[in-house]
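*Asks:* Letter by letter, the chains look like this.
Number of protein chains: 8
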Amino acid sequence: MEITDVLESLKIGKISVSEAKKQLALYSIEKIEDFAQIDMGRKHRKGIPEVIFAERKTSDEIKKIIQRVLEKSDSVLVSRIQKSDYTKIVRFAKSKKLKIKDGKNTTTLLIHKNTLKSTGGTVGIVTAGTSDIGVAEETRLTCEAMHCNTITSYDVGIAGLHRLFPIIKKFIEQDIDVIVVAAGMEGALASVVSSLVNVPVIGLPTSVGYGYGEKGVAALASMLQSCSLGLSVVNIDNGIGAGAVAANIANRARRQ
Amino acid sequence: MEITDVLESLKIGKISVSEAKKQLALYSIEKIEDFAQIDMGRKHRKGIPEVIFAERKTSDEIKKIIQRVLEKSDSVLVSRIQKSDYTKIVRFAKSKKLKIKDGKNTTTLLIHKNTLKSTGGTVGIVTAGTSDIGVAEETRLTCEAMHCNTITSYDVGIAGLHRLFPIIKKFIEQDIDVIVVAAGMEGALASVVSSLVNVPVIGLPTSVGYGYGEKGVAALASMLQSCSLGLSVVNIDNGIGAGAVAANIANRARRQ
Amino acid sequence: MEITDVLESLKIGKISVSEAKKQLALYSIEKIEDFAQIDMGRKHRKGIPEVIFAERKTSDEIKKIIQRVLEKSDSVLVSRIQKSDYTKIVRFAKSKKLKIKDGKNTTTLLIHKNTLKSTGGTVGIVTAGTSDIGVAEETRLTCEAMHCNTITSYDVGIAGLHRLFPIIKKFIEQDIDVIVVAAGMEGALASVVSSLVNVPVIGLPTSVGYGYGEKGVAALASMLQSCSLGLSVVNIDNGIGAGAVAANIANRARRQ
Amino acid sequence: MEITDVLESLKIGKISVSEAKKQLALYSIEKIEDFAQIDMGRKHRKGIPEVIFAERKTSDEIKKIIQRVLEKSDSVLVSRIQKSDYTKIVRFAKSKKLKIKDGKNTTTLLIHKNTLKSTGGTVGIVTAGTSDIGVAEETRLTCEAMHCNTITSYDVGIAGLHRLFPIIKKFIEQDIDVIVVAAGMEGALASVVSSLVNVPVIGLPTSVGYGYGEKGVAALASMLQSCSLGLSVVNIDNGIGAGAVAANIANRARRQ
Amino acid sequence: MEITDVLESLKIGKISVSEAKKQLALYSIEKIEDFAQIDMGRKHRKGIPEVIFAERKTSDEIKKIIQRVLEKSDSVLVSRIQKSDYTKIVRFAKSKKLKIKDGKNTTTLLIHKNTLKSTGGTVGIVTAGTSDIGVAEETRLTCEAMHCNTITSYDVGIAGLHRLFPIIKKFIEQDIDVIVVAAGMEGALASVVSSLVNVPVIGLPTSVGYGYGEKGVAALASMLQSCSLGLSVVNIDNGIGAGAVAANIANRARRQ
Amino acid sequence: MEITDVLESLKIGKISVSEAKKQLALYSIEKIEDFAQIDMGRKHRKGIPEVIFAERKTSDEIKKIIQRVLEKSDSVLVSRIQKSDYTKIVRFAKSKKLKIKDGKNTTTLLIHKNTLKSTGGTVGIVTAGTSDIGVAEETRLTCEAMHCNTITSYDVGIAGLHRLFPIIKKFIEQDIDVIVVAAGMEGALASVVSSLVNVPVIGLPTSVGYGYGEKGVAALASMLQSCSLGLSVVNIDNGIGAGAVAANIANRARRQ
Amino acid sequence: MEITDVLESLKIGKISVSEAKKQLALYSIEKIEDFAQIDMGRKHRKGIPEVIFAERKTSDEIKKIIQRVLEKSDSVLVSRIQKSDYTKIVRFAKSKKLKIKDGKNTTTLLIHKNTLKSTGGTVGIVTAGTSDIGVAEETRLTCEAMHCNTITSYDVGIAGLHRLFPIIKKFIEQDIDVIVVAAGMEGALASVVSSLVNVPVIGLPTSVGYGYGEKGVAALASMLQSCSLGLSVVNIDNGIGAGAVAANIANRARRQ
Amino acid sequence: MEITDVLESLKIGKISVSEAKKQLALYSIEKIEDFAQIDMGRKHRKGIPEVIFAERKTSDEIKKIIQRVLEKSDSVLVSRIQKSDYTKIVRFAKSKKLKIKDGKNTTTLLIHKNTLKSTGGTVGIVTAGTSDIGVAEETRLTCEAMHCNTITSYDVGIAGLHRLFPIIKKFIEQDIDVIVVAAGMEGALASVVSSLVNVPVIGLPTSVGYGYGEKGVAALASMLQSCSLGLSVVNIDNGIGAGAVAANIANRARRQ
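As you go down the protein sequences, you meet chains F, A, S, E, H, G, D and Y in turn.
Numbers 1 to 256, taken from the UniProt record's numbering, label the letters of the first sequence in order.
Numbers 1 to 256, taken from the UniProt record's numbering, label the letters of the second sequence in order.
Numbers 1 to 256, taken from the UniProt record's numbering, label the letters of the third sequence in order.
Numbers 1 to 256, taken from the UniProt record's numbering, label the letters of the fourth sequence in order.
Numbers 1 to 256, taken from the UniProt record's numbering, label the letters of the fifth sequence in order.
Numbers 1 to 256, taken from the UniProt record's numbering, label the letters of the sixth sequence in order.
Numbers 1 to 256, taken from the UniProt record's numbering, label the letters of the seventh sequence in order.
Numbers 1 to 256, taken from the UniProt record's numbering, label the letters of the eighth sequence in order.
Excised from the complex, chain F in its bound form (with noise of 0.2 Å):
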């Protein structure tokens, strides 16, 4: 009931003052709750879409955590989906009737229930070498699972910058709002995109390395570090944190 139902229903004597302090009462309870849980708009506005880690469950769980998720949001990502049981999954969403787009290389799944429309917020998102494709895909379902669309292009390396050069160019005529830069070992990739395009680039460290500066270290510090500014950076493999970021910027360009 509505503050001004109650005020109303008390003035023409309908309910008792008594009557009317308790539905205020729980009305001002609900207020507090929804100001504590503007958490749930939040992320509903923000689109950013559930995620389950799939790490440590049985397909059996997963399939019921995926079930419960969809009756409220129209998208989930599953991410760490062991090998055994992304077929499972993928069989499983297809005979509930539900869509999936998967990614090269990686363990994550976009699960939706209908077709996704776009903002017109455009990601590009560009790999050093193929190691870092796996990460990157994530970044790119995590944008698609946005309304975001996305450009992308693996293994430009910068050990042959000639590769980067094109890239550069279709992102700049395709208007696009942000880029994410995957890139391990010295991750220097990430400062030379920020200093050819005037768009925010996201630095997306990447565990591919070894020896000193091994697993992602190097890339990471190199990417803080970076002489360029306009260039902020999510943590080591964060695959999906990159793709939020991202699809969160090109969004606000977008909006009406």
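To be clear, the hints were calculated from the coordinates, so they are not data collected in a lab.
Glycine included, C-beta positions come from ideal geometry on N, C-alpha and C.
Hints are all accurate, no fakes.
Under the rule of at most 30 Å between Cα atoms (straight-line distance), these lysine-lysine pairs were calculated in the DSBU-like manner:
hint, chain 1, residue 1, chain 2, residue 2
1, G, Lys64, E, Lys215
2, F, Lys88, F, Lys101
3, E, Lys72, S, Lys169
4, S, Lys83, F, Lys88
5, S, Lys72, S, Lys57
6, E, Lys14, F, Lys14
7, F, Lys72, A, Lys169
8, E, Lys83, G, Lys64
9, A, Lys104, E, Lys64
10, E, Lys11, F, Lys14
11, D, Lys170, H, Lys72
Stretches of chain F that chain Y covers, calculated by requiring three or more beta carbons in the stretch to come under 8 Å of a beta carbon on chain Y:
hint, stretch
12, 188-196
13, 199-212
14, 218-227
Assemble the complex: chain F is given as a structure, and chains A, S, E, H, G, D and Y must be docked to it using the hints.
*Replies:* Relative to chain F, chains A, S, E, H, G, D and Y alone:
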């Protein structure tokens, strides 16, 4: 000379084949240089001002560089100015009829020739404690140099969440485009803010704190590990970097 | 033989000076041993149960140690039990008419002979995510072995603060003595909880998280750096340690 | 205006529905603010005094903050006072008829308006060496500000265990509630003390020591790794944090 | 041929100047080689046995190396033997009439041809916990291979100092030359032992422990930082190194 | 009064049973104290002199402590003396008719009352470079305070192995008991020396060097990793620790 | 079509201005691409072969890539081949009439079409221990793929310097151009070798060793800190990198 | 006396067998010394000049060492000269008729007796920023001391790749032998340069940069991780080391 001109001139016999070859070679080189020099244009388009690191420079050297930079661009950030040089540079700028924006507890100055027009992009800046203000002011000056509006709220802490809610409400009311959160010690404020809003948040860890995780390391780690999707990070104390990323995002969101 | 006895015996000629000397030497050694063995009594008084690390032990070895320990004390914690040994040990304990308390997602078992009487000490245990539950359950079992009541609330996150408030209210209503906060990744929950309550809070960083600050390092650093006074910390994944500290505090608060 | 008043006023036609709505909205906002401002009350109930970090503040600034804080609370800790400012602040406090507690080798001062009443809570504080005294004194002053008694014993070392036994005996005789152990270098004293007593022990690593494990890192690691259950830890040199935790535990143990 | 011989032969015309020159050149080279090969003699004099790292070697390869080594020396240590190879190698050694010494929980074997005569040097070896025994046994076998007596006492902990005193007394009574203390976790036992005895103590940190300071890092740091003079350290888990240092010291103390 | 005396006195009726009991209780307490105070005797027997860290002490404070220490012992090491205090303390010692030993480039002084008698124990001390001399001199003074002879050879490097051979030969000729190798940067000298001699070698890493592995970290790591058995290590720049270990070994080797 | 041709064609009316323009635009683009693709030529001129990381690839995938690469270049290095795939790939290469070079204890294969002609460049490769051989063999195969001669000497240690001198003499006699030193543990061999020769030395730290400084960290630090000028370093276990640098230097030294 | 002489003298009875033996022994010793002292010759042949670290030396001490060194060699590098001593040493060198080469923003001086003849070896030196110039100048002076030509280009950055291409072209035109790349912050320039040239590249990380990866750590890690084969690295700020390696390579490439 344009290609058509060269070719026409050759056709009508005005120039020799050899001269045409030379002209085309020159043209070709200029083309390559144009391509390579794309960076110059980029800087200008991005609106990132030149930054002068005053550290280890005499006030005379700084003055000379300011003048040289302002011949080509409209504004310049001078950072890490020694205390004793601060008033000297302010006085110098005023004597040259330049405009100045300074900050609280910061060693950075923004010097510009004309009134800075706003793009409409709006950046919110909050700090966890009073010690983070100096770095946050660098962010504010960078945003202003990049033609953004800024709304700041310093010292909201997380040891007193009640101070945070009104600010978040204000940010939402003002339709802010992006928020920069400067925080040292455990750096948790960035996660908390990111969980309450639906715009991109830039974590700016500061070198406040001592003991284990000192010098911003705990804040950086905590921001990179954040469970709250939508948060990206710049390096410790990199106030200018955070400002450039934020203004970049805000300006893209407000471009026509 | 007590000193007085020795001396009396000597006085009445029942024993020789030499025999008296020997008896007194023995007595003296026992005295030193008493002093040194103060530790044994301490353990008992503190109520900290014996802990068996099952790792690298066969189920038969574990069974033997359980029996040996339970000859002298009323309860024993068995931690890090391999999956395959878990049911074996449960079955063994039941066959010996022993009582069992187990936990969710944990490799720890509490085995005891008699019903555990409560001291009235009450420990609240919260986790940031579902992955922290196993470690938190170790804490709960340790507290119960030390005769404390426990109130648990798992997966409150900080990405959804609205889930935290009701729990804090419950803790306050139940007059809880101390709270253990198990959190991985950025570990910010410990700071937030500590800023909302007026009882001691024990931060229990867990090894959840990946990339920079992985394996609990970010959570540990963030808890040690906390701006919120009243928070102390145990080592990463040290659920038993957190339980022992918490129960120790709770029992002291409820001692008669 | 209370809810009942609003409703009664509405019922008797004293105020319009619209006015009632406004009053209730205001009331609702105040309710939310009350909820959020729970923190203010918490600080007061916990008895944790305000802490002023004097570092980078002029003595005049410090004096002003002291006055402002003491308008609202009874005591204030001023820490990290520069040598040259110490006497100035003492003199200032005396001129204002304020009471002062200072410490040995410490840059911290406790300033309070009235005699500090004891809760009966008792905290034992020991240091491994003379270099740890400054940090331990911060702990003592914090405990006293929080109305606890303290018993200190500095420089007991572990290179001379014979000095430790009498102190432990004294602590036991005085029915101490909690012990803080300040130790740098290898930090082993915390483990040893924790193995001898049955009250909670707070490890306070100090930045004493050089070479590998310097700056308190070895002491912190060693305390976190301790085999002795019942030990929790605060950050390196965080004397105030250790005091707040200890007083918190002691006061809970003595609450009526 | 000795120099004198060469010269005499030359003098009496038995050999030519050219032949003499060649002989002397060879002699000179042998001299240099003698000098350089001082190392071979050293190893023998020091009594350090050959060590075969069995890791990544097949049992057949190990057997061959054992035979080759024992052609030249009296004993050989085989370390890091895989479980499945252990019995094979024992059986092989027995079939070759070789003598064997093995250890508890260790992957190391000492194989020797003759009964090992004692130098009289005596090494005490203690461990903090049962998990340190495997490494300590490596130390014991190395000492025995170097002709020292050993007295071991495992699992004395520091959480129970009362278990330590009798051992120290025994060590003193047996006129021990040097003590090796194997300890993981906080590694405090080494400091405590060193503070109780007047012989050299070798700290042997082990990789026992988890969380911050895991893998022996806390133990190593704590031993290097020790306030107790007279303690030196070998690397984490380097049981053979500790044994070689200890036996070296003991043998020097007992040399005639 | 000895036990026998007490008992005899009791037997002949000279004292009462009650008086005997009291005497025996006191005796017992003294026994415990003796046991606990074993450390005092140990220090004396070990010959380790008292060490005064002059850092953060005024020259007057230092003088007082010197006097107090020399009341009970024959010698004292004063380390980390500020340049400005050095001559003051030397003058003071001379005015008190005390004997002095100082070192090159070191802030340490050895002050003693009587001529230091030699045990015959002989310690060799080498440094890799001239920058390591200050630390090595601390070692020399500690050895001399502990009644050992020392033979030093500074700046032998490994960039010039030819300088090393004559020293090693000298050490062997002089029947040295133990060698301390002080080295910063890559610290390889310790391994090389240990591979050339058959006495124990103590690695003393120094904080010389810059860049990666600076502050002695590379030297420490390299010494701990040494392939050359027979090498143990003390902490970075711990010249006194190295001296105490070495003298301890040498004195044990020369005990009668 | 070359520029001159275009221009001549235009001049004689064979092509139109528009056609000339198109041809020149194409030419210009090709020029830019040439410039950018300088890298392709560089690779070829440098003689660095393509490297295929076999890790995470099936043997069929590897075979395909080998074929594709060998269409364009004469040789290919396949590294990190799984044991089970090794023979498969060897067999495949033989069936295709390809030439093969393999190494000891290495997972790398060099496959080439024609006999590799030597540039005369000569690389010396030494290892400290037998465990370093696998990495050193990667270096050797890389050098051979780059047309250099190699002289290898494995397991010279520094615990036995006498084994080093003959090799150094051999290297000098063979007029070697550059030496690669592969060493784990303390990595001192690189410094020692660099101090004995007058050609460039490449330090190749390997991940051999355990405890503090494990995984090549001590070796890397020690090589970077080396006092011996003339030593540069590649990353831990980067055998191919070391080979490429060394062959590069050797080939430059032998270029005509 | 040569061997032949000795033998001839003996043969003709000019010296006795005993005298011959003595001469040959001396000769043999000299031979060993020659062998060991190979290092002296090496230094000379390598052309690496003596380096004096001026740090912690008075200008008088420095002057004395300069004179002593120049008695034996033709040139000397003095590094880390304090500002106040710089002019003093320059003046001193001039007064002694010595030649001087100094650098920009560097504390290093090259002092030599004669004009430095060039070997023809040519070293290219680039820096990423202006802050790297001081270290790069150390490299240049070292190369010149080692008789190499140098071509320098400072401040090419990677935030402006267009500045890099002309330099690379110049290096290629000048047939440079080796390139040193000095870069701090993210250090990416070294990778980029190495991917554009076919001569060896030496990465020289500098301690420029702050926050995570500060003090050259990010630059070092990024250079070691480089995907671009042909890059080796020296320690952070080790300008002299980089110069020695580079000159060594260049001189070998130009040896006759």
